[in-house]
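J.: Chain residues, written in single-letter form:
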Amino acid sequence: MAEQDPAAAAAAAASGSDSEDGEDGERRHRQLLEAISALSGRKRRKLAERSEASGQVSEFNVTCKGAGEKLVLSELLQPIHPKSSLGSVRKELARVKRKAAVELPLSKEEAKRVVREAAYATSSKEVGKWQQVVLQNRRAEQLVFPLRQDIATVTPLERVTSAWKARTPLEQEIFGLLHKTQQPVTDPLLTPEEVASLQAMSLEEALRRRKELQKARALQSYYEAKARRTKQIKSKKYHRVLKKSRRRQALKEFEQLHKSDPEAALARLEELEQLRMQERMSLKHQNKGKWARSRAIMAKYDLEARKAMQEQLARNKELMQKVRVDPPEEEPCEVPEEDTTALPLPTAASGANPWMLGKPSALALEPEAQEGPKDDTVPGAVENKDEMEEEEEELSEEEALLQDFKQKRRERAGSPKGHSEEHGQKQQLVGADETEDSAEQPRDSPVPPACAEEMGNSPVPPDCSEEMGNSPVPPGCAEEMVSSVLEPPPQAQEQLLLSERLHRMQTMEDVERLAKEEPVEEQEKLVAPRPRKQAQQQKEGRAGDKHTKKTTAKRKIISLEAVLDGKPHEMDCSSLPVVLEEEEGGIEQRGMITEAFAGDDVVADFRREKRKVEEAAKPQPVNLVLPGWGEWGGTGLKPSARKIKRFLIKPPPAPPRKDRYLPHVIISEKRNIHAAAHQVSELPFPFERHQQFEQSMRTPVGSTWNTQRAFQKLTAPRVITRTGHIIQPISAEDIPDTAPGSGARLGAEDMPQRTAVHRGKGGKAQPRGGKGGKAVPRGGKEGKAVPGGKGGKAQPRGGKGGKAVPKGKAQPRPHRVQ
Amino acid sequence: MRVKVLSRNPDDYVRDTKLDLQRVPRNYDPALHPFEVAREYTRALNATKLERVFAKPFLSSLDGHRDGVNCMAKHPKSLSTVLSGACDGEVKIWNLTKRQCIRTIQAHEGFVRGMCARFCGTSFFTVGDDKTVKQWKMEGPEYGEEEEPIHTILGKTVYTGIDHHWKEPVFATCGHQVDIWDEQRTSPKCSLTWGFDSISSVKFNPIETYLLGSCASDRNIVLYDMRKSTPLKKVILNMRTNTLCWNPMEAFVFTAANEDYNLYTFDMRFLESPVMVHMDHVSAVLDVDYSPTGKEFVSASFDKSIRIFPVDKGHSREVYHTKRMQHIITVKWTSDNKYILCGSDEMNIRLWKANASEKLGVLAPREKAAMNYNQKLKEKFQFHPQIRRIAQHRHLPKSIYCQIKEQRIMREARRRKELNRRKHSKPGSVPLVPERKKHIVAVVK
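Going line by line, the protein sequences match chains W and E.
Per the UniProt record's numbering, the very first residue in the first sequence carries number 1; after that it's consecutive.
Per the UniProt record's numbering, the very first residue in the second sequence carries number 1; after that it's consecutive.
Here are the computed lysine to aspartate or glutamate pairs in the EDC-like style, where the Cα-Cα straight-line distance is at most 16 Å: (1) E/228 with W/117; (2) E/77 with W/150; (3) E/137 with E/183; (4) E/405 with W/500; (5) E/167 with E/182; (6) E/234 with W/109.
Derived by calculation from the structure, the hints in this document are not laboratory data.
Modelling step: build the complete structure from the supplied sequences, incorporating the hints.
T.: Here it is in structure tokens:
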């Protein structure tokens, strides 16, 4: 290969040589020869001979044959094959040569700026891909947050516990205890011991136990049901019988006890005494209970009631009586104590008050039968407890239940005693409650005077009860606060979302008052031309201020009435009377006009119309005449004149018309100032025409007028958030319409354009500056859905920057002042 | 004889279960239900009144700091946890459900200037006046451990703010320049500067997370691109911007809280004029935070009140204040869109409802339906003067009220003067400058 190359070079040189001049040709010829000689296998190159003296001798054996010749770059490249890659390099070189000198590099600042600009362009483009998503979200009827609903996963307990370690001494101690018993943390919930014990139990035993348990449960439920039933019995007779039987039972028991164990009986007696003392201290069985009072009322007329009352009083006395006990038998210490208290009391103080009685009239040897059972229960319970405690050590819960149950059954089987005992107790408790109630009652409810009379010692003074009846009635609400607040200029007011005051509304009354405040101000507003308005007029008046009056005329109120009627406005009717103002020097014009309106008598028409309007505005009489009432009715029969006169109600005459002295003017008096305070005076922002707005008002959203589904749809909230869920910022994955749509949508907008939404809203926010500054047609629907749009009235938006002015009132009649 | 008997299909009136509501057959004939507008108007009026009566936004105050609360941070994973840093260098972690402080750390000497939680919620960062950046574990120290930061970075200059990247282990601090740090390193990955003034706040864009916004005390707002490590654009306003917040639902929108009592919502792509100027405050606005739905934001002001602005409205829909609340330095909107937290000078953090009259707790379906209906009615009749008046009424402390009045007069006078000037000069010589353009000095590329 090495040999071939020079050969090829030689061949190339040979082929290229033709075009060169003769001198060169010679040289090349030599070269060729050399090349050929090189081909013949001699690798070593012959050194070039120096044939003549030359100043330019190279130590690298490079001779410069043509001494004065300039080396040309193209020549250096020449010998190479024209097809070689260097061809392109050559071209490049040529181009470089043609270029001027390199410019100075940019200053550091500028370079940075360029970088910044480029970066800003790219990043704003990247951000711009969100444009569609943002617009869609702004326009959305409903947004549900969080956008991505991920299901909360509960980490299993094992994982949590395995990661956790006991560190504090307390934790370690607890852990140690738990581990000692090998308390399982997870599923089986049984310690190994428990498992073992379960396994130890044989099948039959288990079955038997289960049966027992079942039986016990059934019995328990039965017992409970019965107890509930008996508890609910209200029959007095039943209770009387019950009480009596209980008393008898107690007596019997006591006697038995007396026989069998006198000491125990004595102890029992003492206890009874204690109870009696307690009873004495309490106010039971006095005539203050609800029952007693009711009896007291009845006693006048009813013998039985009187008897019952007396019985009760007797019982009271009996209870109150101090038991004269023989010192040797009873405890000695108690007696002197009692005596000391008794001694200073005058004996004849009062017969009625048992407390004042120094000496008891009779001895109540027999313990109170009613009290008997009460203490009877106590030892029984103690016994039960003892028994239970003995056994409880080994018994499990079920067994305890069983035991308890057996006990109960035994009691019931033995006698209805146990049962009645309980009742006795309960009865007493109820009685106590009653007395407490009765003690408190006077405070709660004023006692009727009759009742108070009858019960001589009623603690309630009548005036007291009266006092109770009087609730402090607040004096009438303070007069309305006249707000001396400066009204903000209407433009500003319209923009403000809040009206901030110095006083706080806290109740509905305050809110009501707030509502009432409005009409005054509204009227003021209506009466006094506002400075802001004037300013506006002045501004307009700069061009030509002839139409200043018309601007006020233009104000039209969207009335609730109009909405309710739904009738076309009178304004829309066709015949427009044209009233011409007298103008000096307009004779020619007048002539022209008379010529133009030669046929029709405009003035007469107008007069006629005015009369019609006047008629219509007069208050109409209300006809309440009903034919056939009080007289014959039927076809052809008219109600009598008397009746008509009576039932035709004439309204009071209307106040004089404002235009009564103005023959050329009709001033409509339809506008009700009182109603105007409740009406919308300007077309609100998203609406374009007042019809649209009225339509939106007219469609009800309530469930009274809509089906359930429609109601739900109509009242769906705009933003739904879920309680306790974190709302993350939006990300590319959150966008609905997944894979194909999202990518496309995110990247859809190449270079974002400033959207109409901002403009429109911006225009609203700064009406002062931005009004009419730019006439940008609003594209599409704004963030707020237009309610009127539902009615199929989606008009294209007009190109107004600021407020949308209802177009309907663009051409009012010339002299009609609304 | 044939007897015709009235018969009905039991399916029409028999309930499936006892718990179902009785089906009430209704005739929707409009003739049977007259005066719909008047009736709905009354309902709307009542709903509006009730809304005002039940507007009790204040829930509780978290006290425990021993100096003014200077910064707060939300926990990204837990709704009930919030962090706060005070002017004495103390950081507290609060449990909102218990309304208790669960942890206290003496984090810095001097102010805690800024704090932010890591996106995973395992740790948080604080910067302070002692020129350090510290990373702390979110959970308290184990038994026997000391309360120590995980990492501490000693800087050369004071850091005034910090924010964490939303997805990557990268955070940004600001001070003399905006530094972007890798969590693993002790020197910043890159430092971004443009001009020489102290930067008061830096915030990452939550959606396009490589974007940063910062505001400096030479009245400008600068945007940066983290990937190219270059600033993008600078907008200079009339007065200093205290802080800014990106909209979490709209990648290119951010709101700046300015010293000139206003807030400016910008579209990042069109910085020449703000999309909206929000004005209602009567003193410098110190902090702003977006609601997670991106529909509203809350702003804290030096005038001792917080206000809630809808993003597309120029004025606030709500103002909260209490007698004891002083200058509010920091405010946060919780990430379930229900509550607002504000930290103020007088060492308290206050918890407010975002919707003042909202009933908290679970609502029965019928209750919910009634609420929705009332809401809709209020919306429908909002333009009626009586209803608007009631709905807009707010109580204000005297100081704010008077200031508002004063400023209204001043504004009106200025406007009048301009009007007069325009009237008496050659047409076109006094141009109409829209409000949005008034506050922008320049945009620097």
